[in-house]
Amino acid sequence: GAVVSQHPSRVICKSGTSVKIECRSLDFQATTMFWYRQFPKQSLMLMATSNEGSKATYEQGVEKDKFLINHASLTLSTLTVTSAHPEDSSFYICSAHDGNSPLHFGNGTRLTVT
Amino acid sequence: QKEVEQNSGPLSVPEGAIASLNCTYSDRGSQSFFWYRQYSGKSPELIMFIYSNGDKEDGRFTAQLNKASQYVSLLIRDSQPSDSATYLCAVNGGGADGLTFGKGTHLIIQP
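Protein sequence lines, in the order shown, are assigned to chains A and B. Per my numbering, the first sequence starts with residue 1, numbered consecutively. Per my numbering, the second sequence starts with residue 1, numbered consecutively.
Mixed in with the good hints there might be a few duds.
To be verified - To spell it out: a stretch of chain A is covered by chain B in this simulated footprint if at least three of its residues, at any positions, have a beta carbon under 8 Å from a beta carbon of chain B; those stretches are:
| # | region |
| --- | --- |
| 1 | 12-23 |
| 2 | 73-83 |
Stated by the list, open to error - Pairwise CB distance ranges (calculated):
| # | chain 1 | residue 1 | chain 2 | residue 2 | range |
| --- | --- | --- | --- | --- | --- |
| 3 | A | 72 | B | 108 | 40 to 48 Å |
| 4 | A | 18 | B | 54 | 45 to 53 Å |
| 5 | A | 61 | B | 5 | 35 to 43 Å |
| 6 | B | 82 | A | 54 | 23 to 31 Å |
| 7 | B | 2 | A | 52 | 34 to 42 Å |
As the list claims (entries may be wrong) - DSS-like mimics (lysine-lysine), calculated; alpha carbons at most 30 Å apart, straight line:
| # | chain 1 | residue 1 | chain 2 | residue 2 |
| --- | --- | --- | --- | --- |
| 8 | B | 56 | A | 20 |
| 9 | A | 66 | B | 2 |
| 10 | A | 14 | B | 2 |
| 11 | B | 103 | B | 67 |
| 12 | A | 66 | A | 20 |
| 13 | A | 14 | A | 64 |
| 14 | A | 20 | A | 64 |
| 15 | A | 66 | B | 103 |
| 16 | B | 56 | A | 55 |
| 17 | B | 56 | B | 67 |
| 18 | B | 67 | A | 41 |
| 19 | B | 2 | A | 64 |
What the hints contain is simulated information worked out from the structure, not anything from laboratory work. What you are looking at is a predicted structure, and each value in this text was computed from that prediction instead of being measured. Yeah, the Cβ is synthetic: ideal placement off N, Cα and C, and Gly gets one too.
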C-alpha cells in the first residue's frame, strides 16, 4: 500500500527558532498533501492543504506566515514552523493523496519547543 | 462548519465480544468515510473506508454507512486486547479534500 514517510519523528527546539518537517510519498506521486496538528487528547485538526506547484491553502485560524508550506515536487512537501513558541508544541502529521486512494498518514513529528 | 461527533469513551468490551463504534457527521454533502486506529503517541492507521450506503466487511471489521441518518459505524468482531486504541472517524467531501476528524473513541478490550 501507499507509504508516506515523515521526518524527523521527534524534535526539540528552543523558542524563537525554526523547524522544518518533511513529508515524502515513497511509492506514488502525491498531487495533494495535507498537514494536520494534534494536541494531547484532541482530534487531528487540518492545518493546510499543499498542492504541488501552487500555494498552500490554509484553514481558518492557521497563520500562513508562521507555518510555511512548500510542495516543490510530487513526492515532497515541507512544513516549516517559524519562530516557534511553546504553544506550537504538538504532534504534526502529514498525509498524502494520489487522487484515487484513501489518505495514508506519515508517522508524525513530535515537536517540543522549550 | 463541518462536524464529526464521536463518543469519547472509554468504551470497555470483553475480549472476544463485538465492539461497536459510532459516528455522526453534520455535512450532508460528505462523500467518503474513514475509520482510523490510533495508538497513543502514534500516527493514525487506516482501518476501513466506505463510500456507499450499507455494510462493508474486511476481516473482523465491518463499516456501516447510513447517509440518510448521517451515521457511520465500525464493528469489530472477536475483539482482541491489541484492538485497544483510539478509533477516529473521518469524513470528506470527496476528491482531494482534507479530512474532518472526530475526537475519537477510546476502546479498551478487557482480557
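How the hints compare with the structure:
Judged by the Cβ-Cβ criterion of 8 Å, the region 12-23 of chain A is not covered by chain B as claimed, because only 0 of its residues qualify and three are needed. For the region 73-83 of chain A, the assignment as covered by chain B is violated, since 0 residues bring a beta-carbon within under 8 Å of that chain's beta-carbons and 3 are needed. Taken as a hint, the range 40 to 48 Å holds for the pair residue 72 of chain A and residue 108 of chain B, whose Cβ atoms sit roughly 43 Å apart. Checked against the given bound of 45 to 53 Å, the beta carbons of residue 18 of chain A and residue 54 of chain B, roughly 48 Å apart, stay inside it.
Checked against the hint of 35 to 43 Å, the C-beta distance between residue 61 of chain A and residue 5 of chain B comes to roughly 20 Å, which is inconsistent with it. Evaluation of the 23 to 31 Å hint for residue 82 of chain B and residue 54 of chain A yields a failure: the beta carbon distance comes to about 42 Å. Judged by the Cβ atoms, the range 34 to 42 Å given for residue 2 of chain B and residue 52 of chain A is violated: they are separated by roughly 25 Å. For the hint linking residue 56 of chain B to residue 20 of chain A, the alpha-carbon distance of about 40 Å lies beyond 30 Å, and the restraint is violated.
Our distance criterion of 30 Å between C-alpha atoms is met by residue 66 of chain A and residue 2 of chain B, whose separation comes to about 25 Å. With a C-alpha separation of about 35 Å, the suggested pairing of residue 14 of chain A with residue 2 of chain B is violated against the 30 Å cut-off. Between residue 103 of chain B and residue 67 of chain B the alpha-carbon distance is near 20 Å, which keeps this suggested pair within the 30 Å criterion. The suggested pairing of residue 66 of chain A with residue 20 of chain A holds, with an alpha-carbon distance near 12 Å, which does not exceed 30 Å.
For the proposed pair residue 14 of chain A and residue 64 of chain A, the alpha carbon gap of about 21 Å is at most 30 Å, so the pair holds. For the suggested pair residue 20 of chain A and residue 64 of chain A, the alpha carbons sit about 14 Å apart, so the restraint of at most 30 Å is met. A C-alpha spacing of about 25 Å is found between residue 66 of chain A and residue 103 of chain B, which places the hinted pair at or below 30 Å, so the restraint holds. Using a Cα cut-off of 30 Å, the hinted pair residue 56 of chain B and residue 55 of chain A is violated, with the two alpha carbons roughly 37 Å apart.
The suggested pairing of residue 56 of chain B with residue 67 of chain B holds, with an alpha-carbon distance near 14 Å, which does not exceed 30 Å. As the CA atoms of residue 67 of chain B and residue 41 of chain A are separated by approximately 28 Å, the hinted pair is consistent with the 30 Å bound. With a CA separation close to 22 Å, the supplied pair residue 2 of chain B and residue 64 of chain A stays within the 30 Å bound.
Consistency note: the structure conflicts with the earlier hints numbered 1, 2, 5, 6, 7, 8, 10 and 16.
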